[in-house]
Amino acid sequence: MIATGSLVEEVTFVEAVCAAQRDAMAEDDSIVLLGQDIVAGFPFGATKGLAEAFGSDRVLNTPISESATMGCGVGAAVAGLRPVVEVDFAGFLYLGLDQLLNNAAKMRYMSSGQIRVPLVVRVGQGPLGSFAAQHSQSLHALLSATPGMAVLAPSDAQSAYDCIRWALKQQDPVVVCEDLRIYRAKGPLRRSAAPSVGARQARAGTDATVLAYGAGTGIAARAADRLSRDGVEVQVVDLVSLAPLDVSAIAVAARSTGRVVCLADDSPFFGVGPTIASIATCEAWDVLAAPVLTVSAKPVPAPYSERLEAQVYPTEQSVEVAVRQVVDWVED
Amino acid sequence: MIATGSLVEEVTFVEAVCAAQRDAMAEDDSIVLLGQDIVAGFPFGATKGLAEAFGSDRVLNTPISESATMGCGVGAAVAGLRPVVEVDFAGFLYLGLDQLLNNAAKMRYMSSGQIRVPLVVRVGQGPLGSFAAQHSQSLHALLSATPGMAVLAPSDAQSAYDCIRWALKQQDPVVVCEDLRIYRAKGPLRRSAAPSVGARQARAGTDATVLAYGAGTGIAARAADRLSRDGVEVQVVDLVSLAPLDVSAIAVAARSTGRVVCLADDSPFFGVGPTIASIATCEAWDVLAAPVLTVSAKPVPAPYSERLEAQVYPTEQSVEVAVRQVVDWVED
Amino acid sequence: MTATLDGLRADSDLALDLYETMALIRRFEEFAYRAYEEGDISGTVHVSIGQEAVAAGMIGALEDRDKIISHHRGHGHAIARGVPVESLMAELCGRSSGSSGGKGGSMHITDIERGFLGTMAVVGSAVPIAAGVALASKLKGAGGVCVVFFGDGAVNQGVVYESFNLAGLWSLPVVFVCENNSYAITMPVAESTAGPGVAARARAFGIRDYVVDGQDVLEVYDTARRAVEHARRGEPSVVEALTYRYMGHSRGDPPHGLYRVKEEVEAWRQRDPIAILAARAGLSPAAADEITERVEAKVEQALAYARGAAEPGDPALYRDIWG
Amino acid sequence: MTATLDGLRADSDLALDLYETMALIRRFEEFAYRAYEEGDISGTVHVSIGQEAVAAGMIGALEDRDKIISHHRGHGHAIARGVPVESLMAELCGRSSGSSGGKGGSMHITDIERGFLGTMAVVGSAVPIAAGVALASKLKGAGGVCVVFFGDGAVNQGVVYESFNLAGLWSLPVVFVCENNSYAITMPVAESTAGPGVAARARAFGIRDYVVDGQDVLEVYDTARRAVEHARRGEPSVVEALTYRYMGHSRGDPPHGLYRVKEEVEAWRQRDPIAILAARAGLSPAAADEITERVEAKVEQALAYARGAAEPGDPALYRDIWG
Ligand SMILES: Cc1ncc(C[n+]2csc(CCOP(=O)(O)OP(=O)(O)O)c2C)c(N)n1
Ligand SMILES: Cc1ncc(C[n+]2csc(CCOP(=O)(O)OP(=O)(O)O)c2C)c(N)n1
Ligand SMILES: [Mg+2]
Ligand SMILES: [Mg+2]
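Protein chains in written order, with my numbering: chain S, 1 to 332; chain C, 1 to 332; chain V, 1 to 323; chain W, 1 to 323.
Just so you know, these hints were derived from the structure itself, not from any lab. By construction, the Cβ of each residue, glycine as well, lies at the ideal position given by its N, Cα and C atoms. Hints are supplied without guarantee of correctness; some may be wrong.
With a cut-off of at most 20 Å between alpha-carbon atoms, the simulated EDC-like pairs for lysine to aspartate or glutamate come out as follows [stated by the list, open to error]:
1) K140/V to D28/S
2) K298/S to D314/W
3) K169/S to D29/S
4) K298/S to E316/S
5) K140/W to D57/C
6) K138/V to D28/S
7) K48/S to D253/W
8) K138/W to E316/C
9) K169/S to D23/S
10) K138/V to E191/W
11) K298/C to D314/V
12) K138/W to D57/C
13) K186/S to E316/S
14) K140/W to E316/C
15) K186/C to E10/C
16) K186/C to E316/C
17) K298/C to D246/S
Here are the in silico distance ranges between beta carbons for each label pair [as the list claims (entries may be wrong)]:
18) A190/W to P196/V: 23 to 29 Å
19) S248/C to G252/W: 45 to 51 Å
20) D314/V to G55/S: 47 to 53 Å
21) A310/W to S248/C: 31 to 37 Å
22) G257/V to V321/C: 47 to 53 Å
23) D57/C to E264/V: 38 to 44 Å
Take the sequences, apply the hints, and build the full model.
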């Protein structure tokens with residue numbers, strides 16, 4: 001077994017995902033992995049070496065049958081295993097939604113607690129770069145809107161590791177939304193067997209608050225660094241968990257500056273941003289110095305063209321503009 | 001052909017749905033219906049008599065194959081028909097989402113306009129009364145979050161008729177969300193071949209604004225009647241269209257009173273409410289006299305028990321409470 | 001365990017057991033149907049009157065370690081598995097002492113202690129879950145088989161074939177039982193299902209198939225034993241049981257008129273599974289009457305119990321969602 | 001239209017046509033692969049080198065009124081249908097004059113004028129669309145057939161069987177072409193597909209089936225003619241073409257090493273469809289060289305054109321979404 005706790009390594013996000021699964025599987029025999037090409041660790045290396053380490057009974061290549069694979073995960077979880085179902089792109093997840101949202105998320109409730117579904121779903125989210133509309137989607141909001149699941153959106157290697165270790169200790173379904181854009185981003189990793197995954201302050205600041213998650217946290221932090229050069233100190237809060245949402249953490253963060261920007265990856269209409277913004281607005285109403293702004297993706301299917309795609313997703317610049325807007329806001 | 005335009009009938013919502021399909025089919029040979037048990041008009045009568053009127057080539061009973069049925073609708077639409085796919089309960093729609101959201105909503109964009117998908121999907125939404133968790137879902141938000149589709153939520157018989165007639169004249173996908181709770185509600189109907197479906201003021205009032213859609217419009221209007229007895233005059237705006245959202249109608253309505261309640265049927269987290277509320281808040285910021293409140297369903301899977309289910313969805317009372325809260329709001 | 005079908009017919013204990021199970025299902029559902037009409041039950045109910053032999057025969061052949069998953073028409077499966085009719089009726093009446101605490105209802109019956117893992121109301125949706133349960137059993141070496149029930153309407157849901165494929169690939173201990181009651185709501189099988197049917201389809205996905213007279217409980221039982229035995233050894237199968245629902249699709253629907261004629265219903269009623277068993281097993285009218293009275297009393301008592309039981313309290317609304 | 005396979009082999013015009021199509025596909029994809037490596041193409045590309053006979057033979061047998069839908073590995077199908085290589089290469093390079101205006105890319109090629117309705121990147125997802133296109137053709141009495149291409153990996157997506165069922169039930173003019181290139185990324189067919197395979201599965205869903213050597217373009221063409229002729233009369237079918245991809249699954253993937261050995265790839269390369277046709281049709285080396293040079297020049301010019309073409313302007317971002 002790998003020593004955990006003390007050592008700090010420098011790993012990519014996806015290596016952390018792999019390490020989390022490896023460490024958890026070494027501790028817990030009931031964990032099995034289900035997914036396409038996972039024995040070979042294709043396509044991103046998230047399961048590299050795990051079949052060799054744990055055998056083909058615990059790392060199961062599935063046919064391209066997202067619906068039955070998800071259902072099989074549900075059944076295996078009901079019957080005492082801890083399956084991890086890998087879905088490489090969010091666009092494929094639609095095929096498994098009946099199983100995930102009608103069954104996994106509801107069986108405990110419908111049975112008044114007799115059934116538990118400790119299923120973990122790992123799903124690649126967001127754009128990978130010119131993969132076009134079907135392969136570049138962010139489904140956090142629809143997942144988080146469904147009662148009965150936890151939905152996590154880690155922002156770096158450490159957070160990815162922690163989210164997966166944490167997910168593999170729950171008794172109910174957890175979806176881990178893995179932002180494809182940061183799969184290759186490196187960061188320090190300290191392995192802990194029992195991490196917590198709450199909202200955390202990623203950066204301190206008193207002039208404005210940015211509420212972010214997933215790849216957005218890094219974008220916000222870099223925007224904050226730029227703003228800091230101009231003397232604007234921005235607090236960045238990494239929400240990590242979209243379901244359950246930590247309403248009081250949002251409240252505290254929003255109230256501490258009274259100027260808030262919510263950063264999301266999906267449509268401004270019915271995406272993640274408006275919910276965070278509404279909560280921040282209501283919770284900080286009496287101290288808000290400006291309306292809570294949301295920076296979202298453009299409401300378009302993802303275009304293939306690199307040139308067009310570059311205009312779709314929030315950037316450091318767009319966060320900077322929004323922060324300046326709330327900071328410079330003057331009520332008339 | 002049935003005389004349209006002048007005559008006012010008193011019909012139920014679902015009769016209006018049926019009439020709209022009938023009138024449209026009489027005018028346009030390319031309209032075909034696809035769905036389970038639709039030849040017999042089961043289960044709700046939404047297609048009653050249409051197979052007799054238009055023949056079995058245009059009213060096609062499908063096997064229980066939601067995914068292929070939706071895909072077949074997409075293909076038929078691409079190839080020049082105007083299919084209407086019926087899905088009786090929103091919970092079954094998950095099975096068709098790959099076809100609807102990956103293909104129907106994106107094919108035009110991905111082909112730069114070569115492909116058009118004039119597909120209409122009619123889907124039963126919300127609770128029918130003790131049908132439990134899988135049969136009682138409201139998926140407006142996830143549908144409306146996907147660029148490339150229009151999503152309508154009619155609030156009464158007239159609106160249902162208009163939405164379907166309108167949908168059957170578009171060149172791109174339209175989902176009509178039919179609230180199962182009001183299927184049997186009667187209302188006047190004037191048949192018009194070319195209705196418009198924008199947001200409309202369902203009730204005038206100067207003290208507060210309720211933004212609603214679907215069954216919520218009636219609930220809001222009844223709450224407004226109660227409040228009116230106490231001298232509180234509430235404007236009710238029926239949004240009708242959730243995608244595209246009429247941002248300027250929301251702005252005008254919110255600004256006109258400065259006190260706003262958004263009424264939605266789904267979860268307060270990532271449901272419809274927060275998006276409407278965020279828009280209203282930003283658009284009316286300078287004139288808001290209170291935070292924009294949202295009245296949503298409880299974030300629980302729908303319980304079977306009548307007693308419990310009665311606590312889940314917004315009621316006249318919950319709207320009344322929220323309106324009083326914004327009306328009585330005092331900034332400190 | 002190796003008795004022939006003839007041997008089974010001579011086993012009067014077995015016949016009495018199966019008879020009682022079928023009679024109990026029949027009476028339970030007759031009462032439930034009436035209770036719906038009288039307003040004790042809300043939402044909807046789907047009764048399996050006419051199909052009792054499939055539930056009794058299939059489930060009669062299972063062991064305690066085996067698991068069951070079912071669909072919207074699942075009362076009979078629950079009863080055959082021994083779910084007490086009190087808690088079942090209480091569930092239909094939305095009581096907190098119901099088998100699902102009043103939060104599931106007729107379409108969502110669970111009894112974990114009896115390995116009854118639930119009934120899914122989305123047609124076909126239970127099928128891959130069974131593959132997963134079987135996978136867990138296989139990997140844990142538990143020896144249990146999972147049996148999943150679905151209708152002829154479900155055989156056109158793609159996930160069913162994805163599941164057959166997984167079962168075949170991974171040699172899962174699962175038996176897929178298609179209760180072919182001739183209709184999916186108004187759709188006769190011939191209008192929904194192209195080709196020779198689900199048994200042939202199963203073969204094309206590399207798993208075993210059985211077609212059985214679903215009105216003859218001993219034949220069902222016999223087939224079930226074989227299918228379950230094979231499944232336990234990693235040879236999954238489909239059992240297609242040919243049967244019929246006497247009543248309309250769900251509460252309120254007419255039994256005939258719209259999509260089938262009265263004569264057809266009458267003809268099937270001539271092949272009633274309860275009567276067939278009585279005849280085949282040579283059950284005396286007295287013995288039959290005795291059972292009928294006993295189960296009737298049981299169901300009456302269950303309904304009385306359910307009527308008097310408490311509805312779930314407010315905290316139940318937020319209980320058992322997550323965490 | 002009633003020539004025998006031997007007759008086809010004697011038809012030198014046909015052979016030249018098919019040869020040129022295959023050669024053009026081969027060169028196009030070789031160039032595209034290199035262009036990806038050189039940074040002209042972004043995202044990903046899936047090339048069908050080794051599989052050209054399936055595209056050329058199937059599509060060669062179609063009429064103008066017929067329609068085609070394809071999947072992620074679809075360049076060959078587009079080229080066989082006559083989509084100009086300039087606009088195809090421009091699409092891969094994300095140019096506004098690309099066949100999809102630069103908004104679709106390699107995985108989303110459309111050319112409505114040529115009845116090339118698009119390529120869907122979600123495995124299996126194009127299949128029911130083809131059923132719908134065929135339904136429209138049938139109801140409008142247009143006489144057109146729809147052909148849809150998918151891989152051996154797609155045969156475990158349930159929607160494929162739902163679609164076979166619809167085609168069988170409604171006698172749709174559709175041909176389902178399974179390009180069985182032996183692998184889905186790293187998964188060999190035997191590890192993903194239980195039972196005797198997609199052709200037998202099709203039979204169990206009541207539709208015709210053909211299995212064909214996908215490296216022999218004349219055999220593919222001959223089968224295609226028959227399948228299309230039947231489809232036009234309302235008899236849908238599956239054609240399973242046995243073939244092989246020489247390269248890795250997508251850009252950057254190794255052709256062998258991880259999940260298959262070099263020798264296997266080499267053995268298949270011995271059965272190269274272009275060489276087989278040259279031999280069978282007795283094509284002279286001079287004639288073959290002339291074609292090769294011609295298509296190479298075409299593709300070179302296409303790449304030069306694409307490199308010089310403009311990227312989409314900002315307004316394209318919001319164009320063609322809704323309304
Ligand atoms: C995915 C899905 N589509 C539609 C329905 C509505 N529905 C409920 S039962 C039923 C018919 C099922 O027929 P069958 O599988 O033969 O079972 P039976 O009712 O005959 O027992 C339908 C269409 C559903 N519950 N789920
Ligand atoms: C629903 C879905 N799942 C997974 C993928 C990822 N993926 C892309 S191609 C592919 C393999 C497809 O294999 P096959 O159908 O045999 O086609 P081939 O690539 O061999 O031409 C996979 C798994 C996808 N695009 N869609
Ligand atoms: Mg049936
Ligand atoms: Mg393949």
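To see whether the hints hold, each was checked on the structure:
no. : hint                         : in the structure
1   : K140/V to D28/S              : holds, 13 Å
2   : K298/S to D314/W             : holds, 13 Å
3   : K169/S to D29/S              : holds, 12 Å
4   : K298/S to E316/S             : holds, 15 Å
5   : K140/W to D57/C              : holds, 10 Å
6   : K138/V to D28/S              : holds, 17 Å
7   : K48/S to D253/W              : holds, 15 Å
8   : K138/W to E316/C             : violated, 51 Å
9   : K169/S to D23/S              : holds, 12 Å
10  : K138/V to E191/W             : holds, 18 Å
11  : K298/C to D314/V             : holds, 13 Å
12  : K138/W to D57/C              : holds, 10 Å
13  : K186/S to E316/S             : holds, 19 Å
14  : K140/W to E316/C             : violated, 50 Å
15  : K186/C to E10/C              : holds, 6 Å
16  : K186/C to E316/C             : holds, 19 Å
17  : K298/C to D246/S             : holds, 17 Å
18  : A190/W to P196/V: 23 to 29 Å : holds, 25 Å
19  : S248/C to G252/W: 45 to 51 Å : holds, 48 Å
20  : D314/V to G55/S: 47 to 53 Å  : holds, 49 Å
21  : A310/W to S248/C: 31 to 37 Å : holds, 35 Å
22  : G257/V to V321/C: 47 to 53 Å : holds, 48 Å
23  : D57/C to E264/V: 38 to 44 Å  : violated, 27 Å
This entry does not satisfy hints 8, 14 and 23, going by the numbered hints stated previously.
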